[in-house]
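A.B. asks: In the order they appear, the protein sequences are chains Y and A. So for the first sequence, this note's numbering puts the first residue at 8; every next one is plus one. So for the second sequence, this note's numbering puts the first residue at 3; every next one is plus one.
Worth double-checking, as some hints may not be accurate.
What the hints assert, rightly or not - So these bits of chain A aren't anywhere near chain Y, every CB distance computed over 10 Å:
hint, residue
1, Asp25
2, Gly92
3, Thr100
4, Glu110
5, Glu125
6, Ile141
7, Arg260
Said to hold, decoys possible - Calculated lysine-lysine pairs in the BS3-like style (CA-CA distance at most 30 Å, straight line):
hint, chain 1, residue 1, chain 2, residue 2
8, A, Lys121, A, Lys84
9, A, Lys162, Y, Lys153
10, A, Lys235, A, Lys191
11, Y, Lys233, A, Lys176
12, Y, Lys153, A, Lys116
13, A, Lys84, A, Lys115
14, Y, Lys60, Y, Lys71
15, Y, Lys233, A, Lys324
16, A, Lys115, A, Lys191
17, A, Lys121, Y, Lys60
18, A, Lys162, A, Lys191
19, A, Lys121, Y, Lys153
20, A, Lys162, A, Lys186
21, A, Lys116, A, Lys191
22, A, Lys115, Y, Lys153
23, Y, Lys229, A, Lys116
24, A, Lys186, A, Lys84
25, A, Lys162, A, Lys84
26, Y, Lys107, Y, Lys229
27, A, Lys121, Y, Lys233
28, Y, Lys27, Y, Lys153
29, A, Lys235, A, Lys324
30, Y, Lys27, Y, Lys107
31, Y, Lys230, A, Lys115
32, Y, Lys230, A, Lys191
33, A, Lys191, A, Lys84
34, Y, Lys233, A, Lys116
35, A, Lys176, A, Lys186
36, A, Lys162, A, Lys115
37, A, Lys235, A, Lys186
38, A, Lys162, A, Lys176
39, Y, Lys153, A, Lys176
40, A, Lys191, A, Lys176
The set of hints was computed from the structure by calculation and includes no laboratory data. Note that beta-carbon positions come from the ideal geometry of N, C-alpha and C, so glycine has one too.
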Amino acid sequence: MFSESEWELLRNIIQNGLWKAIGETLLMTFVPTILAFVIGLPLGVVLVTGEEKGIHPLPGWLMKLLNFVINILRSVPFLILLIVVLPLSRLLVGTTVGTKAIIAPLVIAAFPFVARLVETSIREVDGGVVEAAQSMGAGTWQIILKVLIPEARPALISNFMVALITIFGYGAMSGAVGGGGLGRIAVNYGYNRYQPLVMYFAVILLVILVQIFQGVGNVLVKKSDKRIR
Amino acid sequence: MIEIRNLSKTFSSGENQVAALADVNLTIPDGEIYGVIGLSGAGKSTLVRCINLLERPSAGQVIVDGQDLTAMSPRQLRQARKSISMIFQGFNLLMQRTALDNICFPLELSGVKKAEARKRARELLELVELPDKAEAYPIQLSGGQKQRIAIARALASDPKVLLCDEATSALDPKTTQSILQLLKELNRKLGVTVVVITHEMRVVEQICTRVAILDHGQVQEEGPTAQVFSNPKSDAGRRLVLPDGEKIHVLPENRLVRLVFNGASAGEPIVARLAREQGILLNILSADTRSIGDRTFGNMVLGLPLDETEAARALLYLRELKGVTAEEVTEYVQ
Numbered sequence: 008m009f010s011e012s013e014w015e016l017l018r019n020i021i022q023n024g025l026w027k028a029i030g031e032t033l034l035m036t037f038v039p040t041i042l043a044f045v046i047g048l049p050l051g052v053v054l055v056t057g058e059e060k061g062i063h064p065l066p067g068w069l070m071k072l073l074n075f076v077i078n079i080l081r082s083v084p085f086l087i088l089l090i091v092v093l094p095l096s097r098l099l100v101g102t103t104v105g106t107k108a109i110i111a112p113l114v115i116a117a118f119p120f121v122a123r124l125v126e127t128s129i130r131e132v133d134g135g136v137v138e139a140a141q142s143m144g145a146g147t148w149q150i151i152l153k154v155l156i157p158e159a160r161p162a163l164i165s166n167f168m169v170a171l172i173t174i175f176g177y178g179a180m181s182g183a184v185g186g187g188g189l190g191r192i193a194v195n196y197g198y199n200r201y202q203p204l205v206m207y208f209a210v211i212l213l214v215i216l217v218q219i220f221q222g223v224g225n226v227l228v229k230k231s232d233k234r235i236r
Numbered sequence: 003m004i005e006i007r008n009l010s011k012t013f014s015s016g017e018n019q020v021a022a023l024a025d026v027n028l029t030i031p032d033g034e035i036y037g038v039i040g041l042s043g044a045g046k047s048t049l050v051r052c053i054n055l056l057e058r059p060s061a062g063q064v065i066v067d068g069q070d071l072t073a074m075s076p077r078q079l080r081q082a083r084k085s086i087s088m089i090f091q092g093f094n095l096l097m098q099r100t101a102l103d104n105i106c107f108p109l110e111l112s113g114v115k116k117a118e119a120r121k122r123a124r125e126l127l128e129l130v131e132l133p134d135k136a137e138a139y140p141i142q143l144s145g146g147q148k149q150r151i152a153i154a155r156a157l158a159s160d161p162k163v164l165l166c167d168e169a170t171s172a173l174d175p176k177t178t179q180s181i182l183q184l185l186k187e188l189n190r191k192l193g194v195t196v197v198v199i200t201h202e203m204r205v206v207e208q209i210c211t212r213v214a215i216l217d218h219g220q221v222q223e224e225g226p227t228a229q230v231f232s233n234p235k236s237d238a239g240r241r242l243v244l245p246d247g248e249k250i251h252v253l254p255e256n257r258l259v260r261l262v263f264n265g266a267s268a269g270e271p272i273v274a275r276l277a278r279e280q281g282i283l284l285n286i287l288s289a290d291t292r293s294i295g296d297r298t299f300g301n302m303v304l305g306l307p308l309d310e311t312e313a314a315r316a317l318l319y320l321r322e323l324k325g326v327t328a329e330e331v332t333e334y335v336q
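Just chain Y, same shape as in the assembly:
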């Protein structure tokens, strides 16, 4: 089905740099996801608590601006955003190609998405519980840290996995414009040089990784959710 030269190339890739590519892919997935949560978690919380009827209302214009910016960033297609943001990468890490260069665009593409995911997770928390905390004299920070986030924990973990897998997909896509990892192998060898065997191999690896992420995520959610008997 595949020629000897294709198998030869695949062997070559597996022996030289497959592990490096997997490592890059994991780096390009976890680092941006975590950074996107560092920005997106507080924003998502503010989107709920800062509302007019929230526990700590913020000025209406500020909330409108926040929502507007998030919506704008979310509506720009990832590849376009990637290209627009690459100069920032040059500023931050001195290059626009490779694994490191792709992290900043990934974070910028992902944090508005993460903010929305966090927002919906926090909204799931029963208002009555927040009210109970208020009736006990809890302040805004105490409610956020001791009620909203812990009570939303299962939804947050579940949405973390959603974000992780989305960013993983973006990362693979970035192979097309100089990103590293398995995505680059799939695009460079498989697509550009028309080596279907290598492309299938890389794609299968990507699929396996997603399955592992989702599987681990499901276990974590189940373990963390005390509403399941």
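With chain Y fixed as given, assemble chain A onto it according to the hints.
C.D. replies: Only chain A this time, still in chain Y's reference frame:
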């Protein structure tokens, strides 16, 4: 003591303004179990939520132990709320925490050390008779158990006041009984003032020493439970206490007398005795009495005999009964 002065709360939705509370005045003495009863929409939940300012009143004052909550800064208010606890119809437990950690929650908010908080929480679990449920999560508890944990949590901060917002409305009758008994016991043991918001008369009858009837956002009447329930003076009170139905204007051939039982000993066969001892036959037109302890409360409407002298004798007899007041009426509620 809780003093509610000229309290009003208006909700506005767009153009519409709805007055949930209109100029409510109430004084709730220390150590009392105080009932606020009303049909849904009467404003009772708004009232209780105004007591700890979960709902900010549109006008008026809420004074707890001489301190005006409406005049406090947010920080002072948070501090004051620690001595005014609240339990809810939906329990509102933290679903991701164990029962013990739920009880620790208000102590954590106050910065109590963890070991100390856990010790206190275990004592409270004993108090609500669930010592073996420390490590259970709310999902594993029944409704009654959840409310017990909520009560323990509410008591953790040593409050002076416990507000109960329809706290038994989601529970079955038997569980309701046990929760009411617990509240009564806690009131006696700890001296905590209990404010009970409910639409169920049985709840008020069983534990409240005083009651206020709320309707259309206003207090219609207020007083000792036995007095208010046996002889409701307001329309709203009568609608609540008497079986549902409309006022019927009877143009009777005979005169009517309304007996109000104010704690006559239960099992006194008044009508039968009138018949046997005096030979006077009375017609029972309506009756709604209930026993609280060994005494009877409620009222009964009797038709007097057509014969004027017999009617006068019957009236005289009835007026001399202990724990019963008799008055002539021209209409009755069926």
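A.B. asks: Each of the hints needs a verdict: does it hold here or not?
C.D. replies: Verification of the supplied hints:
no. : hint                  : in the structure
1   : Asp25                 : 25 Å, holds
2   : Gly92                 : 5 Å, violated
3   : Thr100                : 8 Å, violated
4   : Glu110                : 7 Å, violated
5   : Glu125                : 18 Å, holds
6   : Ile141                : 5 Å, violated
7   : Arg260                : 43 Å, holds
8   : A/Lys121 <-> A/Lys84  : 19 Å, holds
9   : A/Lys162 <-> Y/Lys153 : 25 Å, holds
10  : A/Lys235 <-> A/Lys191 : 34 Å, violated
11  : Y/Lys233 <-> A/Lys176 : 28 Å, holds
12  : Y/Lys153 <-> A/Lys116 : 14 Å, holds
13  : A/Lys84 <-> A/Lys115  : 17 Å, holds
14  : Y/Lys60 <-> Y/Lys71   : 14 Å, holds
15  : Y/Lys233 <-> A/Lys324 : 59 Å, violated
16  : A/Lys115 <-> A/Lys191 : 26 Å, holds
17  : A/Lys121 <-> Y/Lys60  : 37 Å, violated
18  : A/Lys162 <-> A/Lys191 : 12 Å, holds
19  : A/Lys121 <-> Y/Lys153 : 20 Å, holds
20  : A/Lys162 <-> A/Lys186 : 15 Å, holds
21  : A/Lys116 <-> A/Lys191 : 26 Å, holds
22  : A/Lys115 <-> Y/Lys153 : 16 Å, holds
23  : Y/Lys229 <-> A/Lys116 : 27 Å, holds
24  : A/Lys186 <-> A/Lys84  : 21 Å, holds
25  : A/Lys162 <-> A/Lys84  : 9 Å, holds
26  : Y/Lys107 <-> Y/Lys229 : 34 Å, violated
27  : A/Lys121 <-> Y/Lys233 : 23 Å, holds
28  : Y/Lys27 <-> Y/Lys153  : 41 Å, violated
29  : A/Lys235 <-> A/Lys324 : 21 Å, holds
30  : Y/Lys27 <-> Y/Lys107  : 14 Å, holds
31  : Y/Lys230 <-> A/Lys115 : 28 Å, holds
32  : Y/Lys230 <-> A/Lys191 : 41 Å, violated
33  : A/Lys191 <-> A/Lys84  : 20 Å, holds
34  : Y/Lys233 <-> A/Lys116 : 21 Å, holds
35  : A/Lys176 <-> A/Lys186 : 16 Å, holds
36  : A/Lys162 <-> A/Lys115 : 22 Å, holds
37  : A/Lys235 <-> A/Lys186 : 27 Å, holds
38  : A/Lys162 <-> A/Lys176 : 28 Å, holds
39  : Y/Lys153 <-> A/Lys176 : 34 Å, violated
40  : A/Lys191 <-> A/Lys176 : 23 Å, holds
Hint violations for this structure: numbers 2, 3, 4, 6, 10, 15, 17, 26, 28, 32 and 39, all remaining hints satisfied.
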